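Here the protein sequences line up with chains A and B, keeping their order. The first sequence: position 11 = 11 (the working numbering), numbered continuously. The second sequence: position 337 = 1337 (the working numbering), numbered continuously.
Since the hints were derived computationally from the structure, they do not count as laboratory data. Computed from a prediction, not measured in an experiment: that's the story for all the values here. We put the beta carbon where it would ideally sit given N, CA and C, even for glycine. Treat the hints with care, as some may be off.
Stated by the list, open to error - Simulated restraints on C-beta separations:
1) A:Val176 to B:Asp1012: 32 to 42 Å
2) B:Asp1012 to A:Leu453: 54 to 64 Å
3) B:Lys1585 to A:Pro326: 24 to 34 Å
4) A:Ser469 to B:Asp1575: 23 to 33 Å
5) A:Ser454 to B:Gly1416: 36 to 46 Å
6) B:Pro1350 to A:Ala340: 22 to 32 Å
7) B:Gly1210 to A:Ser454: 21 to 31 Å
Claimed, not checked - In the PhoX-like style, the derived pairs of lysine-lysine whose C-alpha atoms are separated by at most 25 Å in a straight line are:
8) B:Lys1446 to B:Lys1460
9) B:Lys1242 to B:Lys1349
10) A:Lys429 to A:Lys305
11) A:Lys429 to B:Lys1242
12) A:Lys429 to A:Lys343
13) A:Lys108 to A:Lys429
14) A:Lys305 to B:Lys1349
15) A:Lys6 to A:Lys343
16) A:Lys355 to A:Lys108
17) B:Lys1585 to B:Lys1572
18) B:Lys1242 to A:Lys6
19) B:Lys1071 to B:Lys1359
20) B:Lys1242 to A:Lys108
21) B:Lys1585 to B:Lys1574
22) B:Lys1585 to A:Lys108
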Amino acid sequence: MKRLTKYLEGRKLAVALMILVGAGNAAAQTGGWLIVRSAIDHGIVAKNSHYLAIAVAIYLVVAAVGWILQAFLIRGLARIGQAIVIGLRRDLFDHLTGLSLRYFSQQKAGWIIARLTSDVDAVSDTLSQGMPTLVSNVILLPTAVAALLIADWRLGLIAFVVLPPALILSRWFQRVSHIANVEQRNRIAAVTAQIAESVSGMAVVQAFNRERRFQAEFDALNAANREQATYVQKIFSVFFPSIEFLGVLAMASVVYFGSHLYQHHTLTIGTLITAIYLLQLVFQPLQELSDVYGQLQSAAAAMVKIASILDEESEIQDRPDAPVLPRIEGDLDVDSVVFAYGKDPVLHGVSFHMKPGSCFALVGESGHGKSTLARLIGRHYDPDQGAVHVDGHDLRDVELRSYRRQLGVVLQDPFLFSGTIASNIRFAKPDATDAEVEGAAAAVGVDRVAARLSGGLDHEVREGGAGLSSGERQLISIARALLADPRILVLDEATSNIDRPTEVLIELALDRLLKGRTSIIIAHRLSTVRRADEILVVENGQITQRGSERELLAQDGPFRRLAHALEGGEPELAAAG
Amino acid sequence: MSTYVNPVDPPDLGLLPTFRRLLPLWWAERRLGFFGLACSLVYVLISIAIPVLIQQAIDHSIDATHHQHLKPLWPYLAIIVVLGAGRFVINFNRRFATARIGVRIEARMRELLYQAYLRYPRAFYDRHATGQVLSRATNDLYPIRYFIGWGLVQGMQSIMMIIGVGIVLVLVNPLLALYTAVALPPITWLTFRFARRVSPISREVQERKGDVTEAADEAVVGIEMVQAFGRENDIRERFGDKAEGVRATVLRQAGIESRHLPGLYYLPGLSIAAVLFFGGRAHIHHQLTIGQFVLFETLLLQLVWPLEALGWITNLAQRALASAGRSFAWLEGIHPLPEPAEPRHLPEKPQPLEVRFEKVGFAYGGEVDVLHDLELVIEPGEIVAVCGPTGAGKTSLLNLLPRFYDPTAGRVLIGGVDTRDLPIAELRADVALVTQRPVLFSVPLKENILSGREDEDWEKALAAAVASGVDSFGPGLPDGYDTLIGERGVNLSGGQRQRTALARALATGARVVVLDDPLSAVDTFTERRLVARLRPALAGRTVLVATQRLSTVEIADRAVVLLDGRIVESGKPKDLIQAGGPFAKLFRDEVVAA
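All chains, please: the whole structure from these sequences, using the hints.
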């Protein structure tokens, strides 16, 4: 709640105004009945047609004012509510994008996205739909009781007799229906997950004849959901009719006591009649508030989860006085770096130095620390011990963004954003001219890929790059890196998972890309590794061997074993070639 | 063909045909339905009786202006309280009965759809996005549930209430009834208009929220790229725009609400004022008792909700019928893969099976041919690698074997039998498949591997796990082979997923194995080890493997090259390299490099 009120800064006046408007609206609703009372007593019973006409006219004016106030209230509260929501959503997103990769590797993507969407939506729905109901009814309930007391305090007391059971009933309903609704949401979520999983994996379900098994699982979930939905309906079916019954009891009591007072001439007939209707105004907010209660609960639950992200501190942060890194030469020094994701270190004291413009290849089996090393160089993580220096600056001492702008990365599974091919290339340098984008595309052969697609470079890429082969996506991501004109370049398995003809294209593109930049290549193919000035073999988080390909092959060491594994798989073919 | 109807995307059904199909579903629950309607009738009668009794009480036991002798008040009140209690019971039963119909029909529709989903052909899933298929069986069903579970009976009840109240008012004072009905048409009109305007905008709000989801999804999935290029601010701006879109639409929705809802709240005031004014004057002229005056006020207020409800229900009915129309169109218009009329059977196990493609042509839904006149025979127990550039038709060829698609020309024979003459379950039990992007389910690793085996014999499956290299990571997971996989459990890497899918395929006793680039995400070193282990595991099976990598071709007895939908070269990989033809061109660089 405290988090939400901070977005109200500068809107305090608007909030105060809305409370006033809400009070005015409640006054119009209850006040209307007090006018009805005097119209009955002084107009109808007193047989004063003139008075009656005036009272009716005033009544209509009050209703019109109430109408306008309520319209004002709905809009005003929506405005305030949405101001909070957009502030919250942006802050959450900004905060999130500033968190380090460690957070994203620990939390599942689906979980994070749900915070940004369904949770913020829950808060939003409550603020935009629940808030008007909440505000007007919270004000209306006491106003109606007050009006009842003003009309006649003795009849007003009846409200205090019927109100407690109604409140207890509402409390019961709120509690029970909340629990039931939460369970209902869980069950429908399970049904949805089952359908989603089967639909996206339908090829496998069908290929392995699993239809009956899936049907049985689904039937059980669907039945469980149906039972819970029925139970929820039962609770609702009990609550609203029982409030209705309490209303009848209250009315009967008003008529009973009212008639006594009337017989003793201490109550007018007009007061008796209006008391009946005012009592209904006491019950109505109870029902509506009970309806909103569930929404409030789920919004509160959503806020707790949102807060858990906002409380997450990024471990990669600029020092307060971190200087902007000027254009670098590209001298890279990895100095005795130790790093662990959890308890067990992945890197045990790795050191190497690269001169500007040189190219190193990291080879070794998966899971031995190559990608981790690449991420330390990109400062996605900070080393636990040791340091990474660029042009003599410790990465932790310079402004992160000014460093990353000079860094280019090409990953194994290149991620494309929705938009055109051109906008994906431009991603790395938003202010690039069309000519620059075309130049980068042409330099790495994306223009040829684009030529066969409708719209060329303006071809719409669907999210994730569906519709393009992985090789084509990789070419685009290389063009992106080229446009960024980085000083240091990291290629993490950029050429795996690609068919050979496309790979040849990519190799050509890499020649362009690597020229004049300090580059680190992680690769499995000897053809890719071979272009490096020096090859570092990474084993169990350490560099166990380094040198040129020829030097390494000459030694009896891990590289020869790796190369043998690479070649050994196809001795006949290699001989044939 | 001008009247081409896509067999997997039939047009939605109209309102009337949809209604005819919904009716039987309702009829299955008719006992609850008629019970609910009967309760409605009693509810309306009691709801009218109570104000009438109040009127009687006021006129005969309270207001002394007309009578010298007042009747006792308590009998009236006693009857009112008893009726109130009775109405509580009736109302509970009505609500619960009708709500149950809605819940049951929703569950039934979902069941029908899911049943159908499990049997729809691949072409259906090519055509429709997952989200659409999913929402048709979830969110789209809610209007149907509310309409049937609430709208139908509430609508009838509203009409009964309007008629009942109308009769009473006219009987008491016809002229006054006419005057005081002044607010009722505008209320109905306003509700109807509101319902019509608010539903497109609330759909738009949902769409805008969808944009936000998409933007969030991209940013989270692509976060490494974003951070690596220091582009956080752009992506924030982009997300901010989408969030702004939601805000603008929500505010427009609030605008529509503010123009309609207060009216619904205050319009009944017109009727109250009319009763006050005209009824008051009638009382002054001794044409109306105070009790009757109260009766008018009470009954008019009691009409407000039924009138509003009619507006809502009309709109709800339209939405419900539209979404049911879409669902029924799928249920009736899309046919699952047909089972053979006179099924034939595969030769008894363990005899290995021959796979034969005879003059096979294939095209996706009326588009250009992917395969033409393709001839290919795979001897029983032979392993054949299918090579070719991206888009050559490798995956399409493989997908014909488990009958994900049927050829548009020619035929596919397994063990000498046309695949279309085999019962689908029998065919698929003997064709094990590893798809390009492996799909695993959110169940323990062990169950994923076992999911192709009916007998769930873990000992045999474990051998498959070893042959596929699952043993190199499986035992190391938090709970070993019992570790839960997927969103709620452990996320496996691409290579690990592929190996698991491979193990699943090998664990079946299938005599035909279809592998679509099964090791593309496995690193090269692991791949070498696997290729050596896989050969013995595949012995006795007829295997078709599509691949981009020469190292995987290694596993095969023979390689064929697929180019433009035809087999252009076939032979031992070693011979093909020397021949210097298309195969050699595909892999030349890799050979030189090695």
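In rising order, the numbers of the hints this structure does not comply with
2, 3, 6, 9, 10, 12, 13, 14, 15, 16, 19 and 22
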